[in-house]
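My request is simple: use the sequences and hints to build the entire structure.
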Amino acid sequence: MKALQFICVLFCFQHLAFFPIASTANQIDYLNKLITKSRKSENPPANVGNQLGMMEADKIDFLPGQPQGVDFDQYAGYVTVNQTAGRALFYYFVESPNNSLTDPLVLWLNGGPGCSSLGYGAMEELGPFRVNSDGKTLFRNEYSWNNVANVIFLESPAGVGFSYSNTSSDYKTVGDQRTAEDSYIGNPYIDDSTTGKGIYDYYWTHALISDETHAGITRHCDFVSGNFSRTCKLYRNQAFVEHEKLDLYDIYAPLCNSSAPKTPSPGSVNNFDPCSNIYVASYLNLPEVQKALHTRNTTWSRCSNVGWTDRPSTILPTIKQLIDSGLRLWVYRTLADMWLSTKVWY
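Residue numbers -24 to -1, 1 to 322, in mature numbering (1 follows the signal peptide of the UniProt record, and there is no 0), belong to the letters of the sequence shown in order.
One thing to keep in mind: the hints can contain errors.
[Claimed, not checked] When the alpha-carbon atoms are kept at most 16 Å apart in a straight line, the in silico EDC-like pairs for lysine to aspartate or glutamate are as follows: (1) K267 <-> D249; (2) K173 <-> D198; (3) K267 <-> D47; (4) K209 <-> D226; (5) K112 <-> D300; (6) K173 <-> D187; (7) K112 <-> E264; (8) K209 <-> D223; (9) K209 <-> D198.
[To be verified] FRET-style restraints, in silico, Cβ to Cβ: (10) Q44 <-> G302: 54 to 62 Å; (11) F115 <-> A61: 52 to 60 Å; (12) D37 <-> L224: 33 to 41 Å; (13) L305 <-> P230: 31 to 39 Å.
What the hints contain is simulated information worked out from the structure, not anything from laboratory work.
Keep in mind it's a predicted model, so treat the numbers as computed, not measured.
Note that the Cβ used here is the ideal one computed from N, Cα and C, for glycine as well.
So this is what it looks like as structure tokens:
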């Protein structure tokens, strides 16, 4: 694991990104000042210990079913974030095959809340491998982000994926504060009112719900307070009935038919397999895979039913503050994603 000179932090599952780079180093100073200014409590205690030999211990020699010709280093293991509670987060780190000393470092966190950055981010989205339909072998993702960056996939908070805690109460008190304490990054969900209303606007403008249903939601649903009347709930249920058989994250994607024969489709995002999550779960629960990833012997699942106990209803004021301070932000959404809407912003 080589020294890394730049840091790039991305948020996934509401698509908000910060890009501090070397040519704009003053932006990092702005961000540090904002973080210091906005803290309302003391920093959590640092977990400092002997790191000797840990890098070598976490290095992955070979993932089961991995294709030949892999030209980059991989690491995986646990980072203890609270020794007293026995709380540890699992990470999977892939280096850039070209210039890992100078290429950026990307920290990738999937949302949910409570969904795995390993299962989704690494194995289905931007990681170096995809899982074949046999659930045992891998093929290369030619569009992997580690082509141009070093990427860390972190499963957070404790209780998600392979991450764990030896203190049972940790699974009952998860939220933005706990996530920030453990990994120093928060929940990128942006705004309740605009996202909630925007979902139904998206349905309507894409002819997925009727004019009557959309008008009823607009008239009877208060997305600002979040207090929904019985009439509002009836219209929202009707919207669900009208668009039911669709992938919320890509309305044009096929749905998974697990009984249909599958043909591996390496190398093309156009041949996306909607059953990929089934293959990934099978792969990550293989004993030999867990051994290669240096995990505990456990049952891995892509999402955990964590009880998110705190988060602000909006971070739009925070975004404005960051922009006013000179930071460059990238907010993006896909045209086929009807779940996380930012269209009403503009």
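* For this structure, which hints from the list above don't hold up? -> 1, 3, 4, 5, 8, 10 and 11
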